[in-house]
Structures are given as structure tokens and as C-alpha cells.
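Chains A and B supply the protein sequences, listed in that same order. Sequential numbering of the first sequence, starting at 1, is according to this note's numbering. Sequential numbering of the second sequence, starting at 1, is according to this note's numbering.
Rather than coming from a laboratory, the hints here were simulated on the basis of the structure. There's no promise every hint is true.
Claimed, not checked - Distance condition first, Cα-Cα at most 20 Å in a straight line; then the derived EDC-like pairs of lysine to aspartate or glutamate:
#1 K118/B with D44/B
#2 K106/B with E891/A
#3 K101/B with D454/A
#4 K105/B with E483/A
#5 K101/B with D44/B
#6 K489/A with E457/A
#7 K742/A with E637/A
#8 K489/A with D454/A
#9 K126/B with E20/B
#10 K656/A with D607/A
#11 K101/B with D929/A
#12 K25/B with E108/B
#13 K25/B with E121/B
#14 K495/A with D529/A
#15 K928/A with D97/B
#16 K526/A with E483/A
#17 K928/A with D44/B
#18 K920/A with E891/A
As the list claims (entries may be wrong) - Below, a sample of chain A positions facing chain B; criterion: calculated Cβ distance under 10 Å:
#19 L13
#20 S15
#21 Q888
Just so you know, even glycine gets a beta-carbon here, dropped at the ideal spot from N, CA and C.
Each chain, written out:
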Amino acid sequence: MEDYDVRSAASILASVKEQEARFEQLTRALEEERRNVTLQLERANLPPNNPPTSQPLAWQQVVMQEQSPSNVTSLGMMQEPQEVVEETVTIEEDPGTPTSHVSVVTSDDGTTRRTETKDAAATLKVTKVVKTITRRTFHQPAAPSSASVSPRSRPASRSATPTATSLDGEPVTKMVKTVTTRTVRQVPLGPDGLPLPEGSSPLGSYTDSIDRRYVKNGGCGGGGGGFITPQATSTLTRSYNNSYGDSYGDATPDAPPYGRHYGLHDGYPELADGYGSLSRGLTYRPPRYPYMANSYRPENSYTLPIRKDDYGHVAQPQVPMGSSVLELNRSQPERFQPEPYGLEDDRRSLGPEEEEPYELEPDYSTANRRTLQGPSRGRTHREPLRDGPRVRGYPDEQVEAELIDERHPYIHGMYSAPLAQPERGSMASLDRMGGRRSPSIDSIRKDPRWRDPDLPEVIAMLGHPIDPVKSNAAAYLQHLCYENDKIKKDVRQLKGIPVLVGLLDHPKAEVHRKACGALRNISYGKDNDNKVAIKNCDGIPALVRLLRKTNDMEVRELITGTLWNLSSYEPLKMVIINHGLQTMTNEVIIPHSGWEHEPNEDSKPRDAEWTTVFKNTSGCLRNVSSDGAEARRRLRECEGLVDALLHALQSAVGKKDMDNKSVENCVCIMRNLSYHVHKEVPGAEKFQDPSGLQAPGSAGPQRKKKDDAGCFGGKKAKGRKNGENDKNYDTLDLPKRTEPTKGFELLYQPEVVRLYLSLLTESQNYNTLEAAAGALQNLSAGQWTWSNYIRATVRKEKGLPILVELLRSDSDKVVRAVAIALRNLSIDRRNKDLIGSYAMRDLVTNLPSGQQRPAKNLEEDTVVAILNTIHEIVTDSSENARSLIQAQAIEKLVAINRTSQSSRETKAASHVLQTVWSYKELRNALTKDGWNKSHFQPAVTVTPKITKNGKPGYDDTTLPLMEKNQDGYSTIDQRDKECKYKTSDGSADLTEREPLKNDTNRKHFIRSNRPAVSLVDACDVKPQPVDSWV
Amino acid sequence: MNHNDTLNHSPGQPLTAVVERIEIKKLHQGDNLIMGFSIGGGIDQDPAQNPFSQDKCDKGIYVTRITAKGPAELAGLMMGDKILQVNGWDMTMVTHDRARKRLTKKKEDVVRLLVTRKSLEDAVKKSMGPYQK
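With the rest of the complex left out, here is chain B:
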């Protein structure tokens, strides 16, 4: 099996991904800026415990929870999405905390994510018929 699937992707390998761009406007909540979702994963985390990844070796950053009606949900982010980039920064090979920091920069009001999710990939595969990478 070809492991170049986005969701099975091993860091460092070339990658073909079906991605979606999502732009989230942060919400001011008190002093904090929030987006209303939580992430899990990272190279310092145990990938086996990630319920969303396709294979349990993926150390990518995944969206684990979404606040209803929060900015992230409104922007179309979904639980289980794998975050590939944040404002252009790679997220497939970062520590959990690095990812968090990238997402929570105080000066940034808007975060642009590049995400992929299984349903996207499936949809593309379906529309393209037999599809080999």
C-alpha cells in the first residue's frame, strides 16, 4: 500500500493531498483569542492514541473537538480533520506545543489552515474513478 495518502503520510515523504483551505477568524473572548477547536497529536504524542488517524503511526495534528457555533465550526472545520499547515507553516512534523503556538499567536486575528479529511479524499477518489497515485 502506498503510504503517500495524506492521512497516512509519513513526514518527509512526498505527498499528494486533497486539501481544503479554511480561514478562521479568531474570536475575542476576554483577553484571549479563541477559535473554538482543540487539537491533538504531534510528534511528541503517542500516535496510537489518536482516534482519527488512518494508521496509528500518524503523528500529525488533528482536530479533536469543535465548539458548537464557534469560529472554527463556522469556518467549516470538522472534527477529525488533519491540519497540514497553519498560515503556511507545516504541521505534519511538529510537536503538539509547537502546533498550538502556531495556532494561538496573539497578533494574528486570522488563521489560515490547510486541512485534509477522509471524506475529501474519498470524494475526490470517487469522482476520479480508479485513482492511483
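Same shape as in the complex, but just chain A:
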């Protein structure tokens, strides 16, 4: 494939033409073959009265053993069956494996019932898998076949509706229970309970032709022609649960009494359908399936769930697998069924696992998915698309996730194999092929006549006149590109990206969906050239257009996922804002946030829905929100965006559901939009606080006399604090509002403080914590009226102890954000006093002790932030400087000043030391401790500039962060936490201790303050255990 680049357009064209010609030929040939096979099968089906009779026996036998009361249940949720596909699978395995009988009834509505029976005497040998599929709707001779295979299931499939209904009442839980007991192995029983001789299947003779040409194509749906499996020992009856309910009719309740069925979860037919015929062809299609040809219909071809195929693999691993999609297309283009992708249970089962690792990269990551896939990642998982959004286990999938959990207790161990053994087997065999990326390797194992197309051919097929060819080519590209940077690059260089982008506007859902899927995979990864290529052919507006146009959730997930990927590259951010901001807000953020522009008084406020689409979109906006002032302005002014985000967050707090990725994204956007809000918001100048500019943070002791708890209402806002006066500016009122606050104004209303504090209290997600602290930090920066309010509000809402507590976080970035927030908050004089008294020890604890390894290995930035915060706190407050000394900080500061490798740390420490030394009243105490002036001198030649004054707005705010998941906490920190002395009661003290006993100087302040915010009193609390590395 390396030589693609050099291939001329002409040769590509030529090969395309050639392909097309061949394709047509094939199609014809296949049709013919199909007919032949059908006939054969029919013929074969009729006589085999043997199998029917014998089979039931064996089956019955086994089934009875495992009868489970619950198998009836799964159908409870299903709707009326309209169309029933019954599939009977006999699985034969190598001797020695435990046996089980599985019967699955598939009904198109999306219900799946599988009855599986374990056979204790599992030693029988089985070698074949036989599947029979019957579609009632099609009225074909198939029916008999199903009957012949398993009499039990036949009635079910025939009279699906009644049965289903009867089952309706059954509780789902039962079904779940059965699930857990299910065996993994398939049954190796002969028709009569005897071991089956290998190759006994009558099908053997023609399987080859079938699978290659026909079955692969998704002929699975093939009508019923039951073909005969004498050894239909284990019968899989599944009804597929199509959660989308799109094409399928109903549940097929059959064979209720015996075996267990895995009802809802098992086979999601959509899997089968949506997934490109590609995957089916490549991965799943067991080459030898004897699917009946006679009733072959396009629709049918896609109904077979993957799992079925998996059985096939198990049974016949030796058969070369994997025909490519393209091949499929060539042969059966008209079979293409444009159904949305469905859920796939085994993929979804990854959900729980995946939840934790948040995306490790800014991109919508396909990567993390992969890590979880373990054994199963073969081709199956190459298409991140499909498993991507679904797997995440976000609330929208909760139900399924639960089901999965119950059903597959073992699933956590082995990721994707609900049918453990057989699937594992099949997966394993897939794995063997998993290494292939090159489209053409497949063909080696196959009939040489059918080679897979190479990349230029695939790309050329994107322009094929027949739509299914296009869509399959796109799906195939998506598949090839999965985690393969080389192929992505090749696709780009072969100019495949503009073609894919062009397909986004294709009217057929299947085509634009697959194209979008391919683009999503291509856009993922570090290679920004791919992203640029998408942008250069106007891919972004095309995606946005499609987002407006489509209602298909899956497509929306793909679009937003692609946009998320694109948004991780700086130069594209503004493009995305220009084209997609309002659309994403209107189409996704607002509707999913639950916010309503004009709330209906009667209706309850809606909660946010943490859908994948919402997550993707918020992730995209999060990325673009970090693109500087203009980007922030655009987002702030985007109608409804801030309102919706705020609503979503409030809903998250209300539901105590604050650890998920969507919340994280929302908080990060809010944090970013709060950055420099005091400078950038229209009309900000009206609120500038002139007095603040003179002496920010050092404005004398403005102790409040009034009750802190007083609300903001009432007085006219003056927004002014008088430097050294004891004026009480806490009671300043907000400017009068003539109309309800909306839009960006919401960003800095004191009401948001409570929201952020709730997040800080409740969330376990470090990124969310950091962002919430960062938001407070941003809002409390600057000198304008609103930041005064914010600072006071944090105190009144008892936010200071919450922040101080977080200084002990294991996460470096949380500590840093909190430290800076405290620094900004201490611009407020009363906050400064409180923080000085109660936060000092925690701040000091975070400092490294000189040459020694610090308790936590905090980054330089964090150490500097803490030092700056300490500096701010001790500036203009000898009381706080005294607290600093009492916290035994001098030694650490001196050590940092003298020995730190970091000049920034040195400088910051030196500033603090100079400030401390400047308090003459403290020198006595310092000398007593053995310090002298030299310790407080800058060690390095630092300009002893203490920039105390006139720093307009302590804008040391966090720069909006890209979503970079540097996790900040190192494992050693975690260990530390466990090994360290337990501060069992330390934290509890935070809110309850009556501050202070003996420090007379501070008494008045405490008294006036009345522990509205009682931080820990340093004197009263047990000393924070010290732990020194040596």
C-alpha cells in the first residue's frame, strides 16, 4: 500500500472500472448461485424428517434439565411480534467441552430470546453449527424447516404474537437471573444425544459456495429454509431486541418453558444491520453457514446478529473467514438495508469499564475504548463508531448497561463475550486476523478470485453510482481507519476525504451515516493534517448541515464526535464556532440540557439528559471555548448556551450526578467563559471598582460589622469598598435588575457560587473539581463589582472551608486551582483574615520541604501558586504572617529560597519571606526561633519587588484548559494518603470548631464574624501530621 501515492489517477480509475465490471459480473453470478443453493436447500429440507424428530428429543432432554422459570420473562418488554425470525443454531465443538443448548428466537422488533441449556454430560463431541432462520413474514417454506429443527420453537414463531403477549406481564428481573447462570459453552450433542461425527452435516457439501457468495452477504436473514441439521442439538432461539424498534416487529416468545433465554439483551439485531455489511462480512460471517437461500431477501440479510456468527466461528474456525464488504456489495448490492446501527450488547458491555477512564485525549477518543477490549478486539472493534458512543455507559444507556451487568456477571473480566466460550473462541479467531489492516490480506485466505479491494479501489467506490456500494465503501474505510494512522494518512493522500465529505450531503441515511463514521475515525488522532483536510474541503459546514438535517441519533453522535475530534486542533476552533456554534447549541445543548427558553409554568423543569450527543457536543464546545477572547465572546453571546449549560449543571447537582464527562465538559466551558469576564463582557466598565484598583487585596481591615448572613437584597449597590475604612461593603447590593438575568450575565451572578460549591463538595471527578475551583478563581479575580459580590458570596455560602479542604486533594491541578482561587478570594479583606487563620496550615503542608521530597509531588506551577497565595495572605496582615510562622512555614520557605531548583519557586518564596520580615513586631519571635535577617534575603539576585499594589485584578486565573487529561495525581500520592497518618477527625473539625481560644489579637475579628464561616482554627486542631522524606 505504500505505493499508493505514486499511483496515477489514471491507474486508479482503471482499477475502479475494472472493479465495477467485475462487480456486476459477480452480482449476476451470485444471484444465480443463490438460486441454485436455494433449490438445493429446499430439496434438502424436505426429506430431513430425521433431524426434526431426533433433534427435539435431544434438545428436550437437555433443556429440561435447565428449565428456568424465567425464560418467559424477557419478552415482557417486547411489543407485538409482527415478524419473527427464528434462528436455530446447533453448535458443535470439540469433544470435551461442556455442552449447552441454546435456542434463540429472534423477532424483528428487537427482542431476543435465547434459550440455552447446559448439558452436564458435556463430553460429547460436536462439530457443526447449524442455523436456521425463519421469517414468518415471508411465508416461505422456511417454516417447515424451523419446525423440523425444533418443534418447540416452531409454534412460537408461528404464533408469536399470542405468546409474546402472554409473556408481557413477566418481570424482567427474572430473566436477568437466568442470565447469570447461563453457560458459556455450546452444546455438543448429537441429535439423539450422541456425539456427532465431524462433518456429518449434510450441508457440508455446499457450504462453501454458500458462504462465499451468498451467505456472507448477510444472507443470514435468509428465509427459513431450514436446512437440516441432523445434529441440531443446541438450538439457539433468539429474538432480537431492536432497541430502536425501527424495522422490527416483535418479540418471539417461544419455547418459553425451557432453557433460559437472554431475552432482551442478547442479540441486538441492529447490530447486525447497521454495521456495515462490512463488519459482518469481515468479521462475523461464518463462512459455512447454511443459510437458506430460498427466502432470501435483502432485509433478511441484515438481521442476523453477530453472535450467531460467532458461533459459526467457533464451530468452524478452520474455515477462512471474512469476506469483505465490498465483496458483499458486489454480489448483492440490492440487499443493502439502510437501518440505523443498532446497539450491540457485547460492545455495550464495555460501558461500565469505560466509564472510568475519561478520555485521555482531547479527542473523542477511540483509543480508550480499545484498551478495554482485550481479547475481543479483532475486527469487531475496529469500528469505534459503533461501540464508541454506546459503550460509554452514560445514563441514556443505563438500562442496557444494567441488563448487561446482570446478564454477564463475568463480563468485566472478559470484555466482550457475553457468550463467553463460543465467543471467545470466535473472537480469538478474529484476533488472529485482527492484525490485518490491509484490505487485501483477507483475500489471500479466500478464494483467490475474490480479493479485497485495495485502498484506492475503496476510495474510488465512494463514488460508485450505486448507493450501497458507497455506503459500504465508507463503512469499510471507517473500519480500516480505526486506530490506523497510516491508513488515515493514505486516505488523505488519496484524496478520499473530500469524497467522504461530499457524501455527508447524500440523501440516503445509510450513505451519510457511513461517511460520517469514516470521517470520525479519520479525524481522531494526533495527525492534525487529517483534521485540516476535512476542514479544507468544507467538512465542518457539511457536518453542521447534516446535524441540522438529521434526526437519527446515531448520525448525530457521529457528527458531534467528529466535531469534537476536530475541535481539538487549535486552528479549527474558530471555524467550528463560525459554522457550528449556534447549531450545536440549538440542536443539542439546549434540548438535552432540559432548559427551556420560555418555561411552561405547569411543567416541571426538565433534567438534563447525559446523552452521548450531549457529551460530544459539550466536549467540542469545551475545546473551542479555550480559543481566546473572541471565542469566549462568541460563546457567551450565543443565545441560550450559558443558560442551558447552567441549567444542565444545576440539574446535575440536583440529581447528585456530577462525576460524568458531560458535567465535566459543562463546568469546563463555564470556567473558560468566566475567564476575564470582568474585562470582556459588554458593559463591564460600568462595574469597575475604582477603589479596588488602588489597593487590591491590601485594602485595610474592612471588617464587616453586619451580619454576614444578610442577603444581598435591599440596599442600593454602590459596588465600592472604601480602602481603609471599616465600611461594610458586604452588604452592597447587586445592581437592580430590571429583567431576569440571562445569557452571559448568568456567568457571574452570585447565584453561581452555590452551584460551583456544590460541585466542589460532591464531585469526585478531578477535572470537574479543578474546573469548578477555576471558575470561582476566575470570577473572584479582577476589580469590578461582581467579583466583590462573588468573593463575599463564597464566604457567605461557607465556601472557604470547602476550598481549604480541597487543598488536601491528591490532584495537583485541583490544589493549584484552589490555591489560586483562595488568593483571589483574599482580595476581600475578611476572606483574607479567615483564610490566613484557617487555611495557612494546609497551604504550608503543600510546600516541599527544601531538598526533601514533598509529601505530595506537586508541580512547580502548583508550588508557585501556593507561594503566591501565601504571599497575598500575609501581605498587609501581620496576623496572617504570624499564622504563617506558627505553621512552621519559615523553614520550608527558607529551604525553597535557598535550594529550590526552580527560579520561580525561589522568587515566590523570597517574596513571602521579605514580606514576613517586614513586620517588625514579628522579628522578635523569628529571632527566637533562630532565624536572622539573612534568611529572609533573596537568595538569588531577585529584584525584591513585591508587587503588592496596583495589580489590577489578580488575573492569575487559570487559562482555559484544553481537555488534556493529565491526571495530576500520581500514584504515589494515593499511596501517601493511605499510609499517612489518618487525619480521621481533622476534616470533621472544619465546620464545627469554635475558632480560636488564646490569640487575643484575633478575637475581635472572630467575634464580629461569628463563625458564619468557621474554618479550622489552626490552634485548636491537632497538628497536621508531618511526614518527611529522607
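Position chain B against the provided structure of chain A, taking the given hints into account.
Here is chain B on its own, set in the frame of chain A:
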């Protein structure tokens, strides 16, 4: 109960201890000499928060963490060990910082510790049968 157990020992009281001598060669790491463990405790620390001490009044110096494969671990020091002496200096009645300084003298490449730990005491008691101090 007799509080003369090493691990329950109150400073100033006579003491019978089952001790182990441990010699740690410091490792040069950049400009620093490290031993790869951390200490907690000291008379200026809250003894109640020491998870390793037998009774929560012990203000001794304890080994709180050990770096895997570090010099201390190689020398046989274990988490939870109580350090009785450092190069002959008493560690049962010192401030945390004093202990730290004793351990981190730059000119000393080797530190000799006298430590005790519960398992040592137990082993001795066991081998000696009923054992009364």
C-alpha cells in the same frame, strides 16, 4: 500493663527493646542524598494520628513510607518501624524536624538506625515463651 514495651515506651522511662540495627547507604540523587523512606511522628506531632504506634500516646519517630527498591528498603527497613536511634542519637524524644535533620546530614553517607518493630518483639516473645519484663 507495663508500658515499657518499646512500642509503648514513654520517653524517660527505662526501656527494654528488641531492636534491629539497620545501616542505610544514602543514594545520591542530584544534589540530594536520599534514603527512600519517610518519617512521621515526633514530640511536636499529634501522636493520635500515628497509625503505627501501639498506643496513641507514642510520640516517637516512625517510618511511614518506603520507596520501593530504595536504599532503605534494600537495607531492610520496613514501614511502621519505630526509629529509636540515628547514628547513636536518641529519636524517642525529639521533634519531627530534629529527627529529619539527624537523618539528612549532608556529610553523612551512611546512616545507622536502631529500630524496633512489632514483629520483632513478637518473634522474641514467642521464642522465649512466657516473657515478662
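Consistency of the hints with the structure:
Distance restraint check for K118/B and D44/B: the Cα-Cα separation of roughly 23 Å exceeds the 20 Å cut-off, and the hinted pair is therefore not satisfied. For the hint pairing K106/B with E891/A, the CA-to-CA distance comes to about 17 Å; that is within 20 Å, so the pair holds. A hinted pair counts as satisfied when its Cα atoms are at most 20 Å apart, and K101/B with D454/A does not qualify at roughly 70 Å. Using a Cα cut-off of 20 Å, the hinted pair K105/B and E483/A is violated, with the two alpha carbons roughly 53 Å apart.
With a C-alpha separation of about 15 Å, the suggested pairing of K101/B with D44/B holds against the 20 Å cut-off. Restraint check for K489/A and E457/A: satisfied, since their Cα atoms lie roughly 16 Å apart, inside the 20 Å limit. Taken as a hint, the K742/A and E637/A pair is honoured in the structure, with Cα atoms around 10 Å apart against an allowance of 20 Å. Straight-line distance between C-alpha atoms of K489/A and D454/A comes to about 15 Å, which keeps the hinted pair within the 20 Å bound.
Between K126/B and E20/B the alpha-carbon distance is near 17 Å, which keeps this suggested pair within the 20 Å criterion. For a cut-off of 20 Å, the pair hint linking K656/A to D607/A stands: about 12 Å separates their Cα positions. Simply put, K101/B and D929/A have alpha-carbon atoms about 16 Å apart, close enough for the 20 Å limit, and the pair holds. The hinted pair formed by K25/B and E108/B meets the criterion: a straight-line CA distance of about 9 Å does not exceed 20 Å.
A hinted pair counts as satisfied when its Cα atoms are at most 20 Å apart, and K25/B with E121/B does not qualify at roughly 26 Å. Straight-line distance between C-alpha atoms of K495/A and D529/A comes to about 12 Å, which keeps the hinted pair within the 20 Å bound. The hinted pair formed by K928/A and D97/B meets the criterion: a straight-line CA distance of about 17 Å does not exceed 20 Å. Taking the CA atoms of K526/A and E483/A, the gap is near 11 Å; set against the 20 Å cutoff, the hint holds.
Only pairs whose Cα atoms come within 20 Å are accepted, and K928/A paired with D44/B is accepted, the gap being roughly 17 Å. A distance of roughly 19 Å separates the Cα atoms of K920/A and E891/A; the hinted pair therefore holds under the 20 Å criterion. The restraint placing L13/A at the interface with chain B is violated, with a minimum CB-CB distance near 62 Å, outside the 10 Å limit. The beta carbon of S15/A comes no nearer than 58 Å to any beta carbon in chain B, farther than 10 Å, and the hint placing it at the interface is violated.
This hint holds: Q888/A has a C-beta 8 Å from the nearest C-beta of chain B, less than the 10 Å allowed.
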